[in-house]
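On the provided structure of chain A, position chain B as indicated by the hints.
The chain contents come next:
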Amino acid sequence: MNIIVCIKQVPDSTQVKVDPKTGTLIRAGVPSILNPYDHYALEKALAIKARTGAKVTVLSMGPNQAVAVLRLALALGADEGVLLSDRAFAGSDTWATAYALATAVKKIGQYDLILCGQMAIDGDTAQTGPEMAYHLNIPQITFCDSVDSDGQRVVVKKLIEGGHQMMEADLPVLITTTMPVDYVAKYPSFMAAHKAQDKQIFIWTAADIGADVHKLGLEGSPTRVSRIFPPPARQKGEMISGSAEEMAAKFVEILKKESFVK
Amino acid sequence: MIQVSEKCVGCGKCVSTCPFGALSLVNRKAVPNASCTMCGACVSVCPVKALSLPAQGAVKKDLSAYKGVWAFIEITDDGKSQKVRPVGFELLTKGRELADQLGEELAAVVIGDGVEKYFAELSSYGADKIYSVSSPAYHDYNTLAYTNAMVTLIKKYNPSVVLFPSTYIGRDLSPRISAELFVGLTADCTGLSIADGLLIQTRPAFGGNIMADIKCPDYRPQMSTVRPNVFKKVVTRPGSMAQVVSEVIGVPAQAGKVRIMSKYFDEVGAQEKLDEAEVVIAGGRGMKDAAGFGLLGQLAEQLGGAVGASRAAIDLGLLPKEKQVGQSGVTVAAKLYIACGISGAVQHIVGMEHSDVIIGVNKDANAPIFNVCKYGFVGDARQLLPKVVDAIKRAKAK
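Residue numbers (our numbering), protein chains in the order written: chain A, 1 to 262; chain B, 1 to 398.
So that you can see chain A by itself, here it is in the shape it has in the complex:
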């Protein structure tokens, strides 16, 4: 069985701050991490590997420094890494990104199961996985918090409005994973990281995967950012300060005035 896990290097969004003067993001010094949803997807793939002996390939697209998340994935137990890195990919929206990743998957060739985190925490779109599934002409199941496979089919627990459903699918299929509430990402030991240094990471360009350049980067991206702006300023409301007792009295007075306490 062959599993491909798509992963992304993202800025740790909990540490991105806005410059109050210019309203722009301060990215300098913000550490990059493996997107947590992808981290979970990878652990699910590795659990299937442990049971079935599947081969796990990790695939990413990004600048050269994104090799770091592939190295992490290999140290955690993935067998091989592929990084799509080329200026031709810059400016890609989810459409062009999904096209590029799917084209790379076709070049990898052998696959039964593709796992993606449901979304990247720096974009929050949750679009790339389903778009890839279209390009590969395979079914998809999204927002799954458990995934299991015996090599013939896959069984997942998928979140739905107000509950969940158990589903099964024939292979090949693309699954996107959400994260359980209590999920804590695992990190490799120093020894594991050291031993993984011999594992191979391939760096492919647009030409290497035989992609149609008109479907990459800006040219292959239907969406355009036309304006970036800080959130609109608003009228500040009534500000209240004082001792806790004074404020509590005022708090209840307001709740009464607004008819939330009768």
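Warning: the hint list may mix true and false statements.
Now the stretches of chain B that chain A is said to cover, found in silico as 3 or more residues with beta-carbon under 8 Å [said to hold, decoys possible]:
| # | segment |
| --- | --- |
| 1 | 34-48 |
| 2 | 75-83 |
| 3 | 87-101 |
| 4 | 106-115 |
| 5 | 121-130 |
| 6 | 240-246 |
| 7 | 288-301 |
EDC-like cross-link-like pairs, simulated, lysine to aspartate or glutamate; straight-line CA separation at most 20 Å [to be verified]:
| # | chain 1 | residue 1 | chain 2 | residue 2 |
| --- | --- | --- | --- | --- |
| 8 | B | Lys-257 | B | Asp-140 |
| 9 | B | Lys-263 | A | Glu-246 |
| 10 | A | Lys-257 | A | Glu-219 |
| 11 | B | Lys-257 | A | Glu-80 |
| 12 | B | Lys-288 | A | Asp-148 |
| 13 | B | Lys-321 | A | Glu-246 |
| 14 | A | Lys-157 | B | Asp-140 |
| 15 | B | Lys-257 | A | Glu-246 |
| 16 | B | Lys-363 | A | Glu-246 |
| 17 | B | Lys-83 | B | Asp-113 |
| 18 | A | Lys-215 | B | Asp-218 |
| 19 | A | Lys-199 | A | Asp-122 |
| 20 | B | Lys-288 | B | Asp-364 |
| 21 | A | Lys-262 | B | Glu-278 |
| 22 | B | Lys-233 | B | Asp-364 |
| 23 | A | Lys-106 | A | Asp-148 |
Don't read these hints as lab results, they were simulated from the structure.
Virtual Cβ for every residue (Gly too), placed ideally from N, Cα, C.
Chain B only, in chain A's frame:
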């Protein structure tokens, strides 16, 4: 990379606008570096129009053939019965506004089993037309079956705008359609408007700290997803009846490769349902620990409300992920929203700003949360809340 023409006067406006620090002034000219993602943020701020993006549009279409605003209507199932998920009415209400501005028709698109019973209500929310695909084969949502039905309808009738709910179903379906049709899709829009005949899609960007306007000038239809509770639903045409266009569309064989084995529905009281709660008490990092969140629970009990949390508090493990209020969580439109120990990142604000009365409690008088509050209390919520709970109890006892 972004292209800089001779017109550049070196004013530096683009340098401070760039979210990626990819522009600098060299010899009084803007010069991009390798960090440029071609996001286009600088193009609109340049006063002399010296900046431009390389040409777009691999496939040029005749865009004039695309007319009409569509809203995809999601049917929700609680295990007992099915009904229209209210976000569908919200999309129709916003869609009515957009259709009027464009001078085009508004259509509701409803796929399911026995959908005729929804027609009257969909019409009352402003639909001129209803496209329906109704068959027992569509009783349960199936990605490939629904994608095939939507793609067939879109190719036949050529709408210019299609809106989807940003729900488990909408977020599964819409990207699959956008990939097949080679059109743009903007997720989780918090604003939609029309300018120069184009759909302007506003959403928080770059981790939710700043807003972006996104458009798709060269591709049709223009497609967006919108979270429940972002737009209000308003009955604009009571008693009217839309023109119904029924289509028979078969389910592709490939749809059978994915099968539902069993469904489970959580037993959740209405009180706990954040997205429908009239009163929401939310806590952030400032509530510190489980004891702090216990105080929120006590206040919620007094006011008959649900407890939610900011992303920061969820990341600390103080509440499960489904209790997160914000861009990547639940959007609420409560009658009363009390934000305790929440600083007010944009990503949180967009998930609660449509609430009627917002009260904030924060130690920092300059916390951005106060910009959306009708009442702002400057102090430690952990000190204040026990006293508020006592005072409410006393007031009720009187």
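Here is how each hint holds up against the structure:
no. : hint                     : in the structure
1   : 34-48                    : holds (count 9)
2   : 75-83                    : holds (count 4)
3   : 87-101                   : violated (count 0)
4   : 106-115                  : violated (count 0)
5   : 121-130                  : violated (count 0)
6   : 240-246                  : violated (count 0)
7   : 288-301                  : violated (count 0)
8   : Lys-257(B) to Asp-140(B) : holds, 14 Å
9   : Lys-263(B) to Glu-246(A) : violated, 51 Å
10  : Lys-257(A) to Glu-219(A) : violated, 56 Å
11  : Lys-257(B) to Glu-80(A)  : violated, 29 Å
12  : Lys-288(B) to Asp-148(A) : violated, 37 Å
13  : Lys-321(B) to Glu-246(A) : violated, 35 Å
14  : Lys-157(A) to Asp-140(B) : holds, 16 Å
15  : Lys-257(B) to Glu-246(A) : violated, 64 Å
16  : Lys-363(B) to Glu-246(A) : holds, 15 Å
17  : Lys-83(B) to Asp-113(B)  : holds, 11 Å
18  : Lys-215(A) to Asp-218(B) : holds, 14 Å
19  : Lys-199(A) to Asp-122(A) : violated, 28 Å
20  : Lys-288(B) to Asp-364(B) : holds, 15 Å
21  : Lys-262(A) to Glu-278(B) : holds, 16 Å
22  : Lys-233(B) to Asp-364(B) : violated, 36 Å
23  : Lys-106(A) to Asp-148(A) : violated, 23 Å
In this structure, the hints that do not hold are numbers 3, 4, 5, 6, 7, 9, 10, 11, 12, 13, 15, 19, 22 and 23, in rising order.
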